[in-house]
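Generate the whole structure from the sequences, applying the supplied hints.
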Amino acid sequence: LVVLILLFLVLSKKKKKVRVRKIQQEKVEVKKEEKIMEVDGIPVFGKPQKIEKIDADGVITRIYNVERNLNEVQMFYQKRMSEKGYLVEKALKTNGKIIKFAKGGKEVVINLIPLNSNKTCVLISHK
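My numbering puts the first residue of the sequence shown at 26, with every later residue one more than the last.
Cross-link-like lysine to aspartate or glutamate pairs, in silico, EDC-like; alpha carbons within 16 angstroms at most:
1) 104 to 114
2) 122 to 97
3) 128 to 108
4) 152 to 82
5) 131 to 114
6) 115 to 132
FRET-style restraints, in silico, Cβ to Cβ:
7) 81 to 143: 31 to 37 angstroms
8) 129 to 90: 27 to 33 angstroms
9) 85 to 108: 20 to 26 angstroms
Hints in this document: simulated from the structure, not taken from any laboratory.
The model shown is predicted, which means the values in this text are computed figures rather than measured ones.
All residues carry an ideal CB built from backbone N, CA and C; glycine is no exception.
Here is the structure:
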């Protein structure tokens with residue numbers, strides 16, 4: 026009798042067809058408006074560690090370590106400095122990149138040194 030009841034229960038439970046509906050999700054890239062910090066009118070990348078030196082000629086050099094690769098940092102500075110009205114006066118390729126910007130007599134030299142694949146040291150010098 027128990028076997029018949031179990032057999033009846035098993036047979037009565039028919040497998041229901043489950044229809045799976047695929048919903049296509051579109052990836053929407055939303056870029057947050059990054060707040061761009063500026064020091065002496067020069068844009069700086071995020072909130073990096075800052076070391077400042079002033080030499081005898083009055084040239085201020087700030088050193089930043091940025092958690093981005095060299096190309097990203099270079100594109101950032103070229104875009105932001107051109108938005109500020111600076112023109113690229115000279116660009117030298119060393120083990121990193123040295124870019125000299127000029128605007129109305131003011132010169133800004135940005136030296137980019139790759140520390141590893143995802144970290145760049147940025148030296149910004151200006152009077």
